[in-house]
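A.B. asks: Once you have looked at the hints, place chains R and G on chain Y.
Residue numbers (this note's numbering), protein chains in the order written: chain Y, 1 to 333; chain R, 334 to 666; chain G, 667 to 999.
Be aware that a few hints might be false.
With a straight-line cut-off of 16 Å between C-alpha atoms, the simulated EDC-like cross-links for lysine to aspartate or glutamate are [what the hints assert, rightly or not]: (1) G/LYS957 / Y/ASP62; (2) Y/LYS244 / Y/ASP277; (3) R/LYS532 / R/ASP542; (4) Y/LYS199 / Y/GLU238; (5) G/LYS710 / G/ASP983; (6) R/LYS377 / G/GLU834; (7) Y/LYS44 / R/GLU501; (8) Y/LYS291 / R/ASP395; (9) G/LYS710 / Y/ASP174.
Quick caveat, the hints were computed from the structure, so don't treat them as lab data.
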Amino acid sequence: MKKSLIALACASAFAGSANAQSLTTYGIVDMGFVSESGPASIQKLTSGAQSGTRLGFKGTEDLGNNMKALFVLETGIAADAGGFNQSAGFARQSFVGLQSDSGTLTLGRQYTPFFLALNAVADPFASGLAGNAQNLIPSSGIRMNNAVKYASPTFSGVSGEVAYGFGENTAGNDRASKNVGGSIGYTDGTLNVRLAYHKANGTTALTSDLSDTSTILAANYKFEVAKVFAAYSDNNVEISGRGKSRDLLIGVSVPFGNHTFIASYINKNGRSTANLDADQLGLGYTYALSKRTNLYAAWASIDNKNGAPYTVGNNSDVGTGDRAVNLGVRHTF
Amino acid sequence: MKKSLIALACASAFAGSANAQSLTTYGIVDMGFVSESGPASIQKLTSGAQSGTRLGFKGTEDLGNNMKALFVLETGIAADAGGFNQSAGFARQSFVGLQSDSGTLTLGRQYTPFFLALNAVADPFASGLAGNAQNLIPSSGIRMNNAVKYASPTFSGVSGEVAYGFGENTAGNDRASKNVGGSIGYTDGTLNVRLAYHKANGTTALTSDLSDTSTILAANYKFEVAKVFAAYSDNNVEISGRGKSRDLLIGVSVPFGNHTFIASYINKNGRSTANLDADQLGLGYTYALSKRTNLYAAWASIDNKNGAPYTVGNNSDVGTGDRAVNLGVRHTF
Amino acid sequence: MKKSLIALACASAFAGSANAQSLTTYGIVDMGFVSESGPASIQKLTSGAQSGTRLGFKGTEDLGNNMKALFVLETGIAADAGGFNQSAGFARQSFVGLQSDSGTLTLGRQYTPFFLALNAVADPFASGLAGNAQNLIPSSGIRMNNAVKYASPTFSGVSGEVAYGFGENTAGNDRASKNVGGSIGYTDGTLNVRLAYHKANGTTALTSDLSDTSTILAANYKFEVAKVFAAYSDNNVEISGRGKSRDLLIGVSVPFGNHTFIASYINKNGRSTANLDADQLGLGYTYALSKRTNLYAAWASIDNKNGAPYTVGNNSDVGTGDRAVNLGVRHTF
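If we strip away everything but chain Y, and leave its shape as in the complex, we get (with noise of 0.2 Å):
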């Protein structure tokens, strides 16, 4: 058993070894009420409503000349029943790479360029609660195998990524799996703006010539009293056969003390023969307990025209009707 604090047990005293180490276990266990009602009504208490559950360790080593070495094994659990979550142990990310001033080359299981943009700059529900954009917003790939990823450093505000997913496809075809994606974004810390896109074909062989494609561009501002969120996103959903369609984003957060509201609204516009529209609403509300846990409650509703199939989810769970309600406690450690 070993036990420490959280802090830097005496770090200073080896603050001046070369290639100095550091290793980091950390995660976050997040446990809540759902109800989801519509077609389908189902009360249960889920893991990660919030946040996904997980486990993470993480580290880095510096290698001297302005080079660090890195790594990040994370995963997932299924806080409810046990298990893993994202179908694989340590599937949420498993990576290791090298830093540098002309930037930052990972390679192993990673999210994309596109999801980040959607997670970090686009919604104020953060891929989580009830409100998570992508109930309607497509990812088109929230993670990629096989994986090597380009980030480079910031200059004047300004940095970008670009992703490369190989397919590993052993029987001559190398389309299926594979994954590309980049984006380019500014910040000046109060302006965030970030043009983001994604493209992954399909896994077997069968659906191997077919893609789904999303572009985002994505923005949000940082006022006194509130952080505004925009984003427009244009998908093409070609393996499921969902279609093309066009997503609008407006959304808000609003801190006070501890207490912090969370409102946004989405317009998604169908563009496939069956015009699949429909349109979200989704109130959020977090109590800081501290730095690291907090409670939530969140309420969404999504308005489907057409026939569109969409539901109201939250970050580890697609739902199963048109409304839900989420209440719960996230603790980070």
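C.D. replies: Below, chains R and G alone, put in the same frame as chain Y:
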């Protein structure tokens, strides 16, 4: 690689900081030789005969105002052949909670109040080794999924807990997999008494109207030279159709320096038509190499009557025969 | 979140305490580009081409009287796509043991003495990269389930180990999955010689009377400018029917500052009716960015004769073609 001695490294240096947070990595590795005989016979090396091999991460955060956040993420490991126990990773315990002067509220996968009474109050073998009381006493649920548990603070030695596990069945069937349980106990450090109940519904649509229920009254008393145990349980195992039974347990645990001698006798009185009666005698011995490491030896035998099907298992194995010998080593970290 | 520099944080403060216990979190993340060609051709990003990506927890406890308890729990991770290697979580190594002046006794899932000889004494590629000796030399068992292993102390440079793996088959078949092995070796720091044997029975009732056996005599010698390797093995692969063979390996490893050049040649002489012969030439290069992080490049080619089916793999991949190139980065923590 991070290496640190097992101690609070420089803890005092941070004791005064607000929102102090602790993270503990802990576990048990237990491997032993198990020989089972009776109708079927096998010699094998088993992981977790005394205590399930496990790796856990737990922590607390001081939230001020006498409140704490806490979490546990604990996985079982099959150290004999690799893989996870409890059918999935991190399925031993996974929960998050808040603790205050008013009690502790936890959400996630957790032990049932019934099992905790059987394990900690009734059974001198603590659910481990050949003499494991669960060989005969049906625990109708060791752990509960999707569970909310409230544990009261202790008033004059009296405390209790109640737990409810959501069924989470989508097809309008909210009875399947539902669990409910509770316990109330008293301890003064010498006497330890607990009354516990658990009811677990069947997990499928077909069995959701059936349930396994168990009620146990358990006590132990710490004399100067020995701790004596007694328990009485009343069970109705509907799901498998094994039916009603009553179990009586008496046991003793005798510490002697680094040696501990354990014995228990259980009488099961089957009350279904088939009248499946059985008696179990279990003998155990542990030798402490340190506070954290011990050797163990155990023997148990079940006398089945009227074709009763009970087998001698251990903590991690239901067993195949009506007699078993265990011999192994357990290390706690 | 617990973060600490890689060093014994304030260790000396506790050095005097009784039953001192250590816990180490460690691992490797290795990702590389692999191009395989020959009958089948593929370009991919692979986890663990040089050394399997892993996360481990290990510790020791001082029991006094020159005795120690020790354990290892180590999982393989597929960092390219998430999930576990070795077909299950914590299936790299999971064992507990006791160590004294009389040797070390360990119980659990462990490396075979044969594999340790192949890996540590015979193969300049240490079972990694394209030149991996296992491409041709059948290791008849890298790890053993349900295993008891005794490793002797070292007397004048001589030490040995014996291991037995219980089959654990219930249906009266105690031969299936049984493993037995051993090794004896000598080292004076410059010369390293080891003789090892392993026999693994088939895992099913149908194949339990068949076995794969391998005997290897391996040696390496550390000259001032290079380490040279030689090994001879005699194998009988009954279970897959590939039959008898003899393998001869010669190799060299040349360190030069941060650079290391590796080469090996293996001749397999098939001795079954089909006479499945093959030769492998492997070339490798590693560049140390630090003691813990290196880049790697490797190439190997197999010349199969008489329709022999051997492929060029690496540490984590059996390969699909008879030529392969590896290019990657390995970080150890």
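A.B. asks: Each hint: holds or not?
C.D. replies: Verification of the supplied hints:
1. Taking the CA atoms of G/LYS957 and Y/ASP62, the gap is about 11 Å. The hint holds against a cut of 16 Å.
2. Between Y/LYS244 and Y/ASP277, the direct Cα distance comes to roughly 11 Å. Compliance with the 16 Å bound is thereby established for this hinted pair.
3. Note on R/LYS532 and R/ASP542: the hinted pairing holds, with a Cα-Cα distance of about 12 Å set against a maximum of 16 Å.
4. Between Y/LYS199 and Y/GLU238, the direct Cα distance comes to roughly 11 Å. Compliance with the 16 Å bound is thereby established for this hinted pair.
5. Of the pairs offered as hints, the one joining G/LYS710 and G/ASP983 holds, with about 11 Å between alpha carbons and a cut-off of 16 Å not exceeded.
6. Distance hint between R/LYS377 and G/GLU834 is fulfilled; the C-alpha atoms sit about 5 Å from each other, no more than 16 Å.
7. Among the hinted pairs, Y/LYS44 with R/GLU501 is consistent with the structure: their alpha-carbon atoms are about 5 Å apart, no more than 16 Å.
8. Taken as a hint, the Y/LYS291 and R/ASP395 pair is honoured in the structure, with Cα atoms around 11 Å apart against an allowance of 16 Å.
9. Proposed proximity of G/LYS710 and Y/ASP174 is supported: the alpha carbons are some 9 Å apart, at most 16 Å.
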